[in-house]
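Chemist: Okay, here's what each chain looks like letter by letter:
2 protein chains.
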Amino acid sequence: MQKPSIPKGTRDFSPEEMAKRNYIFNTIREVYHLYGFQQIETPAMENLSTLMGKYGEEGDKLLFKILNSGDCFSGITDEELLERNAVKFGVKACEKGLRYDLTVPFARFVVQHRNEITFPFKRYQIQPVWRADRPQRGRYREFYQCDGDVVGSDSLVNEVELIQIMDEVFRRFGIRVCIKMNNRKILSGIAEIIGEADKIVDITVAIDKLDKIGLDNVNEELRSKELSEDAIARLQPIIMLKGTNREKLAVLKQELAASEIAMKGVAEMEFILDRIDKLPLNAELELDLTLARGLNYYTGAIFEVKALDVQIGSITGGGRYDNLTGVFGMDGVSGVGISFGADRIFDVLNQLDLYPADSLQTTQLLFVNFGEKEENYLLPLISKVRAAGIRTELYPEAAKMKKQMGYADTKKIPFVAIVGENEMNEGKINLKNMLTGEQSPVTIEELIGQF
Amino acid sequence: MQKPSIPKGTRDFSPEEMAKRNYIFNTIREVYHLYGFQQIETPAMENLSTLMGKYGEEGDKLLFKILNSGDCFSGITDEELLERNAVKFGVKACEKGLRYDLTVPFARFVVQHRNEITFPFKRYQIQPVWRADRPQRGRYREFYQCDGDVVGSDSLVNEVELIQIMDEVFRRFGIRVCIKMNNRKILSGIAEIIGEADKIVDITVAIDKLDKIGLDNVNEELRSKELSEDAIARLQPIIMLKGTNREKLAVLKQELAASEIAMKGVAEMEFILDRIDKLPLNAELELDLTLARGLNYYTGAIFEVKALDVQIGSITGGGRYDNLTGVFGMDGVSGVGISFGADRIFDVLNQLDLYPADSLQTTQLLFVNFGEKEENYLLPLISKVRAAGIRTELYPEAAKMKKQMGYADTKKIPFVAIVGENEMNEGKINLKNMLTGEQSPVTIEELIGQF
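The listed protein sequences correspond, in order, to chains R and C. Sequential numbering of the first sequence, starting at 1, is according to my numbering. Sequential numbering of the second sequence, starting at 1, is according to my numbering.
Heads up, some of the hints might be wrong.
[Stated by the list, open to error] Partial chain C-side listing against chain R, Cβ under 7 Å, derived: (1) T42; (2) N115; (3) T118; (4) E393.
[As the list claims (entries may be wrong)] What follows is a list of derived Cβ distance ranges for each label pair: (5) R:L279 - C:G427: 15 to 23 Å; (6) C:Q450 - R:V91: 52 to 60 Å; (7) R:Q236 - C:G420: 47 to 55 Å.
Rather than coming from a laboratory, the hints here were simulated on the basis of the structure. No experiment lies behind these values; they were computed from the predicted model shown. C-beta atoms are modelled at their ideal positions from N, C-alpha and C, and glycine is treated no differently.
Go ahead and model the full structure; you've got the sequences and the hints to work with.
Modeler: Structural data, given as structure tokens:
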């Protein structure tokens, strides 16, 4: 007999884990709704032609491919088979693959439904994605993404609102965060000014180490990446950038004045900061030039959220991009979006034990079952309790009292109702508070009033 | 440039469709919670060894198999490759497959987590399943199932509560339904009594046609299935079974008295009916001997729900089974469950136009954008409106009024707020009701009070 298991890198979610995950998804969902975002869903399987080539060569290898049903060998010669080239074979024997992220399916969706969509299109999407990555702690082959994007609008008001959304979500979670912001145009400007356009990643990586390794070592690292002395000299004020966001912007304005694109990025930053300053933000918002996520992809603002009280990577990220849909033949659709990392948020909430008690509680009230007579008496009564919206169970059989109370304990049911011969005669319900141990006889109206 | 599309038999869901689907899932979810069911989730991918052989030979062919990442040819000889046997190859080149239903993964879950589960285990699960069926109207390759089961309890109270759950779900939807109930033990008894144990499906199929083709033709059909004249004679009272559930039970009690198993089935029916009679049921509950779903699987009660006002197959079904987990080496786990057909319920709600208005409405209030000055004035104001829980948008740019109003129209936003120079000076908001066209100046407090 086989011992059952699940594929490595995948997970079952227990009732308690599901309650926690639903709390996370519902919170994110509610905040998206508050800002007018609407949900869409796309199929788990996309045509491989939609997915291939969108995530680089490495990404192509990480796609889960679905073997064609029926004759998967059709159109493949014996010679090709004997070549045993898994990649080539995969493309021929598989038409479909599991989605790798929510962005490419979203781009496909926008192009395919362009005539039904009202732009600007504010959509959110909460669905699993699959990657044939090597599983490791905190990295799974199936995990959820929670993306929100506004496409078809260049307005920076969208950036402002996305910052508000991130802020509101983490305020609701009770997670103290820093929202870091950068701008691709400023990074481009820096590279332009020092004449090292292709070294932008090396530069941000080195700058990021200033606190850890000190200025001399940062400069040494830049030298090892073959930046010229002149470039390194020009970089000094930028490496040493500190102070408030406004102070940082002032330095950038001065140092990067000669770069038109940098000035555009600075103006965008100022626009956003000007508005955020007048809004009640809970989180810190920090201009951080070392933020270099999605450099091939983002064209304006870049966001990243760090939890302040837990050592963990970024728990949310995003940015502005041009031409989301160009690869599918529809130009001119720019947008800006964010993605909440549900699995990491789950870890943070667990570590800080921040789940509200009522998000974890399922059944509110358990009726003990003493036998057929009591059962018959209780069924219509329980029906009334449920009609009042109280999540209620009747233990389905007359098991030993200890077993029934143990059931209430492990399910964390806060109240147990005991109705035996006496209670039936008196028309009362003996209500036990499982937390305090207190027990008192109540009428059904009083019982309903308790919740 | 490729024209994007999705695999046949799969669907994108638009914001409006998602709102409708969420209404369906949330309603089902809430009722499950009301009865103490807890949610679990299992991975989309299961090991093929978990899935294969569980759905018959036909089912094995309908499994979507996932090509092993890395070298999918390892362990396969050249000779085997040149055989081009897709089924054999699939099993060797694919370790994983997409789940085909929620029952087998649930059985696997129960066995794998037996030590963490408190029995009786009331779980529900709402997730997509995938089948490589030929797509046709109303049949998809990706669709959701909404299963609820109680395992580890033989008590018929569970059947009673599942009937209440089905009743409550369709009461909330406003769909008039008939809940049909049969019992596998009664069917076994009939077959036993007439000495034709293996013809039970033929018999139920023939009985089912009575209204359409008349008694003579039903008997003719039974003869064509090689039932003996004696057997057909003994079947007459059962074929002609009608009247109330109690009247039907009385006939069965008399005709099937010699069959111990039939009498057990009748007693189960009576137990359930006795209890349901004392409960406020909205739907009809009808004893229907022609119900023959899952005959290889169900061992007691069998349920099916039919919509009364729409021509469509069953929209929910279920029953009691023994030995859910025997195939995974854990015996003695019986249970009873139901499965709501979300896609068909979606069709019924659409046809009858039964969605509550507030289930479809997303954004409640749109602020028109006249330009940077107004935008800056509005952002903090809108922040207050949102803090009051009102789903609010600011149109992200100063587009033409017509375009902004069109946006509100297509998104079905019921209120539009207009704040220009005058309104800013007076500290008022011009609030337009998009349904009536009425427009009036209000303060922010008055505006918030409106919702």
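Chemist: Restraint: C:E393 near chain R, CB-CB cut 7 Å. Satisfied or not?
Modeler: 4 Å, holds
Chemist: Given C:N115 was flagged as interface, is its beta-carbon under 7 Å from a beta-carbon of chain R?
Modeler: Constraint on C:N115 not satisfied, violated at 12 Å.
Chemist: Between R:L279 and C:G427, does the beta-carbon spacing fit 15 to 23 Å?
Modeler: Between R:L279 and C:G427, where Cβ atoms are some 19 Å apart, the hint holds.
Chemist: Quick one, is the C:T42 hint okay against chain R at 7 Å, beta carbons?
Modeler: Since chain R brings a Cβ to about 5 Å from C:T42, closer than 7 Å, the hint holds.
Chemist: Are C:Q450 and R:V91 spaced within 52 to 60 Å by their CB atoms?
Modeler: Given about 57 Å between the Cβ atoms, the range holds.
Chemist: How about C:T118: closest beta carbon in chain R under 7 Å, or not?
Modeler: 4 Å, holds
Chemist: Between R:Q236 and C:G420, does the beta-carbon spacing fit 47 to 55 Å?
Modeler: 49 Å, holds
When each numbered hint is compared with the structure, a violation occurs for hint 2 only.
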